[in-house]
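Asks: Letter by letter, the chains look like this.
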Amino acid sequence: MRVSFRINGDLVAVDVEPRLHLGDCLRDVLSLTGTHLGCEHGACGACTVIVDGAAVRACLMLTVQVEGASVITVEGLLSDEALSPLQTAFRKHHALQCGFCTPGMLTTAHALLTEEPDADVDRIRSALSGNLCRCTGYIPIVEAVLEARAAYRKANKP
Amino acid sequence: MKPAPFDYRAPGTLREAIDLLASNPEALVIAGGQSLIPVLAFRLATPSLLVDLRRLPGLGNIAVGDDGLRLGALVRWRDIEDDQRLAAAHPLLRAAIAHVAHYQVRNRGTVGGSLAHADPAAELPGVAVTCEGEITLFGPAGSRTIRAGDFFTGPLSTLRQPDEIVTELHLPKWPSHRRWAFRKYARREGDFALAGILLFYDEDRQGAVSNAHVGVIGACPRPHRLTGVETLLNGHAIDDGLIRQAAATAAEEVDPPDDLHADAAYRRGLAATLIERGLRAAAQHGSA
Amino acid sequence: MIGTNRYIGSPVERIEDLRFLRGRGQFVGDLKRETMLHAAILRSPVAHGLVATIDSTAALAKTGVRAVITAKDIGAVPRIPLRLLPLPGTERFLQPVIAADRVRYVGEPVAIVLADSPALAEDGAGVIALDIEQLPPVPDRHASGRREILLFEEAGTNAAMIFTGVKGDANAAFREADCVRRERFAVQRYTALPMEPRGLLADWDAAQGRMTVLGAAKVPFFNRDTLAAMLGLSPAQVDLIENDVGGGFGARGEFYPEDFLIPFAARHVGRPVRWLEDRREHLTAMNHAREADCEVEIACRSDGTILGLRGEVFVDLGAYVRTNGLIAPRTLAQCLTGPYRVQNVQMTSTALLTNKTPSGTYRAPGRYEGSFFCERLIELAALDLGIDSAEMRRKNLIGAADMPYRLPRLEPPGASMKCCTGSWRRPSNRSASVRRPTGVSNV
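Chains as they are written, first to last, in my numbering: chain P, 1 to 158; chain R, 159 to 446; chain V, 447 to 889.
Errors might be hidden in some of the hints.
Unchecked claim - The calculated lysine to any residue pairs, modelled on SDA-like cross-linking and capped at a C-alpha distance of 25 angstroms, are:
(1) Lys508(V) x Asn182(R)
(2) Lys478(V) x Pro163(R)
(3) Lys92(P) x Gln472(V)
(4) Lys508(V) x Lys92(P)
(5) Lys92(P) x Tyr814(V)
(6) Lys518(V) x Lys664(V)
(7) Lys508(V) x Asp15(P)
(8) Lys478(V) x Thr88(P)
(9) Lys664(V) x Glu688(V)
(10) Lys864(V) x Ala846(V)
(11) Lys664(V) x Lys508(V)
(12) Lys508(V) x Arg201(R)
(13) Lys508(V) x Asp165(R)
(14) Lys331(R) x Asp225(R)
(15) Lys478(V) x Lys92(P)
(16) Lys841(V) x Tyr814(V)
Simulated from the structure, these hints should not be mistaken for laboratory data.
Can you make the complete structure from the sequences, with help from the hints?
Replies: The structure is reproduced here in structure tokens:
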């Protein structure tokens with residue numbers, strides 16, 4: 001089936017089987033391998049992307065379901081080569097080790113802070129509870145997201 | 159863990175959707191897909207066709223009115239969380255939905271999907287049953303409405319026929335002074351409840367409990383009301399003794415499964431403790 | 447001499463973070479070859495059985511399925527050697543890279559399907575007709591020890607190895623002790639569960655006679671030499687390349703069946719082959735760890751001095767001895783006393799085979815289990831003696847004067863460890879004023 005949607009701002013059209021989930025489409029058809037598959041059954045969050053502004057598990061959406069939608073992946077979190085404030089905070093706080101869960105953490109945090117730049121630590125922990133990490137023990141990730149709030153608040157000021 | 163192959167259609171009208179289901183006995187309905195897609199990934203189901211409801215108009219509304227609350231089948235958990243009217247219009251629903259799965263799942267999962275999937279530990283079926291909700295279905299013969307208490311027949315099992323689609327959940331109007339509680343226990347945030355309780359009651363002129371509704375999820379094959387606990391509470395003033403009796407009654411009344419997450423005795427204990435905590439909080443603060 | 451210290455004491459930002467944060471990591475699933483085929487592995491659905499037939503006819507008829515490989519295509523099926531502690535007697539229990547006539551755990555590889563996509567390969571695997579005559583399984587170490595069912599009949603036993611750690615005269619120590627406490631403890635089965643499941647991309651260059659494998663980790667040299675030998679190549683003809691790896695934890699990187707099967711498949715069909723493990727197969731395919739139980743006893747003086755430790759530990763090793771499978775059982779025999787000065791030790795550690803996924807190392811292999819057993823026993827002995835347990839630990843900690851500390855003598859001796867000769871600060875005096883029991887442990 002032919003599906004067209006926006007990916008990181010660009011309009012694309014792909015021809016895929018209905019059973020191809022969005023994660024596989026991004027990785028194998030569009031060669032955007034930043035979105036990772038950790039479980040393919042919605043348990044780990046590594047595949048999180050942003051569809052029409054909402055963080056979703058790419059393994060729990062079929063490609064055919066994003067017809068007409070706007071999808072942002074980790075590759076689309078910044079438009080030039082510099083790291084975003086969120087990514088800078090991750091690096092500073094050592095919020096990643098093996099890096100496999102990291103794209104999902106970034107997209108989830110980005111979606112959350114875009115809507116809720118004043119999210120407190122409990123809200124951040126709750127929103128990230130659907131993203132598993134086996135390396136860091138989570139605390140540096142939460143600290144990085146807390147620090148990044150300042151940039152999202154600034155961005156929200158009229 | 160790739161699904162077996164299937165065809166896919168996203169019809170533009172309810173009639174078209176029903177016709178597709180009626181003419182394809184191996185078809186399944188998909189809405190948010192948060193429960194269905196893992197089932198497909200494990201190849202526990204291999205439908206020939208998925209009928210996606212996403213283009214159907216009119217199913218995404220939340221209507222607050224004098225006859226209560228009407229939730230369209232495509233209303234997502236996120237829509238419930240975002241709707242400020244529900245803090246007053248149905249605080250129990252709002253509290254329960256905040257516990258569904260995780261942030262990302264709440265952006266996609268739907269009212270209709272949860273009711274049709276009928277996981278015994280799911281929050282919305284618990285709300286529907288506890289609050290005497292009604293579920294409307296649309297099929298080849300038109301609409302029919304079933305009481306939530308009758309709709310769920312067992313784990314992952316409902317009265318919905320394969321060629322019917324859930325279109326709406328109706329919850330009766332919620333009076334402002336009602337006391338209520340929602341309590342769930344799971345080992346990790348976002349897990350299905352090992353046991354969960356939903357309860358509300360009103361107070362009569364003497365301050366005694368009236369109209370008690372107590373429901374259980376997770377520690378049972380299907381969500382249901384604990385009528386023994388309700389009978390115990392009605393007509394009496396809430397005090398420590400009554401709360402403890404209610405908890406003990408709940409422990410006897412539930413019929414929990416044994417599985418690898420928890421055995422029946424553990425779930426029984428959980429149900430009792432949650433009832434106790436819920437009643438205490440409802441009595442002290444009015445809500446929990 | 448280096449003039450200015452820029453690194454020690456400063457938080458150093460990592461260079462690899464730049465690519466990980468941008469989603470430009472190069473994990474094996476991110477790599478491809480133009481003409482590559484995708485592999486799916488058919489795994490045994492039963493814990494124990496004799497393979498009667500594997501019928502691939504339906505699979506080969508499916509769209510996009512290019513080949514199905516079984517033991518027959520491999521011929522003499524290699525077995526995976528031990529990287530660590532290759533002790534005499536263990537060769538009887540090594541895992542063949544693919545099941546030929548017998549399966550011994552749910553998840554054991556039986557066939558490889560090669561197709562144009564992972565989904566098509568999985569479709570093919572789903573229609574292979576696998577006829578297995580089920581045998582009664584050995585579900586736990588108790589059944590294993592009873593020997594009514596053997597995983598390897600010719601061996602005559604399910605005990606893959608028995609280790610003993612002996613020091614001083616434990617029996618005498620127990621006779622002289624003021625206080626003895628005896629207990630049973632158990633640790634459940636674990637798995638490392640890295641966020642990235644495994645994967646391999648193998649590319650055989652027939653013209654050059656070179657095998658290149660991407661997706662290696664941790665021990666590429668041992669694996670390269672092992673693979674080369676299995677393929678009948680010289681090590682110089684084989685390259686194993688490690689890219690970005692999504693977590694190891696002691697489980698990733700060892701030589702698994704797939705580390706032969708995927709390169710073999712690539713050479714067999716003359717096209718690159720990529721295999722990406724999915725999470726469900728990962729749970730049965732990647733090493734498990736830590737399942738062990740014990741009956742141990744501690745002998746003390748009334749002042750809390752530990753005189754001796756003795757007991758038996760049983761390790762549920764799963765169906766085969768894997769490359770590092772004996773590390774935990776060995777360490778349990780020799781190092782259960784941890785950082786404590788114990789002059790009299792008698793520990794026996796038996797590694798028993800069961801019809802489960804084979805076990806290997808995971809984060810402090812043998813130490814996690816041993817620490818739990820020893821620390822819990824000390825805690826209970828302290829309770830019996832009416833002594834503060836932190837004080838009891840402090841009293842028995844190995845000190846500078848005890849260095850070099852002599853570990854129990856291990857049988858078989860070839861597996862022995864050496865104790866480090868460092869010293870460490872004693873923990874500060876925390877618990878003196880604490881009435882409520884708090885958790886204290888030394889590792």
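Asks: Next pair to validate is Lys331(R) with Asp225(R); report whether the Cα-Cα distance is within 25 angstroms.
Replies: holds (6 angstroms)
Asks: Are Lys92(P) and Tyr814(V) close enough, with their CA atoms no more than 25 angstroms apart?
Replies: It is violated: about 32 angstroms lies between the C-alpha atoms, which goes past 25 angstroms.
Asks: Hey, Lys518(V) versus Lys664(V), does the alpha-carbon distance stay inside 25 angstroms?
Replies: violated (31 angstroms)
Asks: Between Lys92(P) and Gln472(V), does the CA-CA distance stay at or below 25 angstroms?
Replies: Roughly 22 angstroms separates the two Cα atoms, so the pair holds.
Asks: Take the C-alpha atoms of Lys478(V) and Thr88(P), compute the straight-line distance between them, and say whether it is at most 25 angstroms.
Replies: violated (30 angstroms)
Asks: Checking one constraint from the list: CA of Lys508(V) to CA of Asp15(P), max 25 angstroms. Satisfied?
Replies: holds (21 angstroms)
Asks: Starting from Lys508(V), check that the Cα of Arg201(R) is at most 25 angstroms away, please.
Replies: holds (18 angstroms)
Asks: Below or equal to 25 angstroms on CA atoms is what counts here, so check Lys664(V) against Lys508(V).
Replies: violated (37 angstroms)
Asks: With a cut-off of 25 angstroms on the C-alpha distance, tell me whether Lys508(V) and Asn182(R) pass.
Replies: At roughly 24 angstroms apart (the allowed maximum being 25 angstroms), Asn182(R) and Lys508(V) satisfy the hint.
Asks: Regarding the pair Lys841(V) and Tyr814(V), is the alpha-carbon distance no greater than 25 angstroms?
Replies: holds (22 angstroms)
Asks: Between Lys864(V) and Ala846(V), is the straight-line Cα distance small enough, at 25 angstroms or below?
Replies: Since the Cα atoms of Lys864(V) and Ala846(V) sit roughly 16 angstroms apart, the hinted pair holds (cutoff 25 angstroms).
Asks: Can you confirm whether the C-alpha distance between Lys478(V) and Lys92(P) stays at or below 25 angstroms?
Replies: violated (32 angstroms)
Of the numbered hints stated above, those contradicted by the structure are hints 4, 5, 6, 8, 11 and 15, listed in ascending order.
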